[in-house]
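Same order as they appear, the protein sequences are chains A and B. Numbering-wise (the working numbering), the first sequence opens with residue 632 and increments by one. Numbering-wise (the working numbering), the second sequence opens with residue 632 and increments by one.
Worth double-checking, as some hints may not be accurate.
Since the list can't tell identical chains apart, any single copy or any two copies may satisfy a pair.
Pairs of lysine-lysine residues, derived as DSSO-like cross-links and limited to a Cα-Cα distance of at most 30 Å, are as follows [to be verified]:
1) 640 <-> 769
2) 687 <-> 647
3) 755 <-> 689
4) 834 <-> 646
Worth flagging that the hints you see were computed from the coordinates, not collected in a lab.
2 protein chains.
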Amino acid sequence: MNISSSPDKAKETRKKIMDAAVNIFADKGYHDARVDEIVDASQTSKGAVYFHFPSKQKIFFAIIEQFVEVLERNLSAAIAREEHGVQRVDVALRTCLETFQKYGNLAKIFLVQATGLGESFEIKQAEIHTRFARMIQKHLDQAVKEGDIAPIDTEVAAFIWMGAINDVVMRWVRTGDPEPERVIPTLHTMLLRSIGISEEKLKTLN
Amino acid sequence: MNISSSPDKAKETRKKIMDAAVNIFADKGYHDARVDEIVDASQTSKGAVYFHFPSKQKIFFAIIEQFVEVLERNLSAAIAREEHGVQRVDVALRTCLETFQKYGNLAKIFLVQATGLGESFEIKQAEIHTRFARMIQKHLDQAVKEGDIAPIDTEVAAFIWMGAINDVVMRWVRTGDPEPERVIPTLHTMLLRSIGISEEKLKTLN
Numbered sequence: 632m633n634i635s636s637s638p639d640k641a642k643e644t645r646k647k648i649m650d651a652a653v654n655i656f657a658d659k660g661y662h663d664a665r666v667d668e669i670v671d672a673s674q675t676s677k678g679a680v681y682f683h684f685p686s687k688q689k690i691f692f693a694i695i696e697q698f699v700e701v702l703e704r705n706l707s708a709a710i711a712r713e714e715h716g717v718q719r720v721d722v723a724l725r726t727c728l729e730t731f732q733k734y735g736n737l738a739k740i741f742l743v744q745a746t747g748l749g750e751s752f753e754i755k756q757a758e759i760h761t762r763f764a765r766m767i768q769k770h771l772d773q774a775v776k777e778g779d780i781a782p783i784d785t786e787v788a789a790f791i792w793m794g795a796i797n798d799v800v801m802r803w804v805r806t807g808d809p810e811p812e813r814v815i816p817t818l819h820t821m822l823l824r825s826i827g828i829s830e831e832k833l834k835t836l837n
Numbered sequence: 632m633n634i635s636s637s638p639d640k641a642k643e644t645r646k647k648i649m650d651a652a653v654n655i656f657a658d659k660g661y662h663d664a665r666v667d668e669i670v671d672a673s674q675t676s677k678g679a680v681y682f683h684f685p686s687k688q689k690i691f692f693a694i695i696e697q698f699v700e701v702l703e704r705n706l707s708a709a710i711a712r713e714e715h716g717v718q719r720v721d722v723a724l725r726t727c728l729e730t731f732q733k734y735g736n737l738a739k740i741f742l743v744q745a746t747g748l749g750e751s752f753e754i755k756q757a758e759i760h761t762r763f764a765r766m767i768q769k770h771l772d773q774a775v776k777e778g779d780i781a782p783i784d785t786e787v788a789a790f791i792w793m794g795a796i797n798d799v800v801m802r803w804v805r806t807g808d809p810e811p812e813r814v815i816p817t818l819h820t821m822l823l824r825s826i827g828i829s830e831e832k833l834k835t836l837n
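If we strip away everything but chain A, and leave its shape as in the complex, we get (with noise of 0.2 Å):
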């Protein structure tokens, strides 16, 4: 069966494929979502799709990697652009609810709409809050490295701002509320004077 005659090809019909999933993943949650339904919506076939991806799960779990990989990369690119540790916070902050904002429904998704999956879904899950806060505790390690702020059990605080920015996500994600513009700000106040950013310094950064 030549389903797909070239690599673009192939990349292609991949996308289709997960682009018509995340609508009716969004759509019905994934416990009721079914294949058939992503086959019709993606306008490939079973054939395609049952090639790409072997069970419903596969094509769930590349989603939740795709939006993980956007949002380590937006964080990256955020970051980089800063100069100074304390406002790589900031636009890390930003760049994290923007991400969230803009694939809302992909953050639907991996945020509220996974029960069905059960216990595989909650190990995924746990993996990729341990990959942000990795991301977390490298900065702040550079931070106390570069004597920026005072040294601190950086694994436990990695843990810490990875809970707290997750709490409030995920809250917003689900009910709409407390809106980033008050997430924002309180965050970012929070989590520096957590590190033990100075109100004077602080000042200098609003």
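Following the hints, complete the assembly by docking chain B onto the known chain A.
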């Protein structure tokens, strides 16, 4: 069918069922636990179990509600013993982790073994999160009112604290790491700093 000869007897039977269910759920997870096993382990009867709990989900939610009440009671009692706002944060954190430690099986159920329950559990979880966040917010409001801390968006701040605490507690229940001895001091320092407690004041507390 005269299942409970007296209110005391009924209460006792209910307790027996819930105690047995905690072990079964902790052992097998919600999804794989069968009501028949709970009947056997509780040394009651099928009739008694269905009299008290019309479904497996009702047993599960009753257990969660019980754990949340124990945690709330322990937190209130601990907080009431301390006079000063910032010391209250400390005892609240310690009490929280101690309660999770003491009721390890319950905590595990609550945090990590609820897969299979789907959306109804996510809604319950969000509701409990919000309940604890409101508790935190109440204390932050009081601290602002008494001039202990500068004005702040206490609703967002409470979600941030709740997220930070939840993430590290959940991580510890799930993986056993980082352990409370590492988590508590860092969480304590970072949370207090985040609401603007100065380094000088922090020193007097440690």
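Going down the list of hints, with the structure as the test:
Within a single copy, residue 640 and residue 769 get their C-alpha atoms no closer than 38 Å, and across copies no closer than 58 Å, so neither meets the 30 Å cut-off. In this assembly of identical chains, residue 687 and residue 647 lie within 30 Å of each other by CA distance solely inside one copy; the values are 15 Å within and 41 Å between copies. For the homomeric pair residue 755 and residue 689, the shortest alpha-carbon distances inside one copy (12 Å) and between copies (28 Å) are both at most 30 Å. In the homo-oligomer, the alpha carbons of residue 834 and residue 646 never lie at most 30 Å apart, since the shortest distance is 45 Å inside one protomer and 56 Å across protomers.
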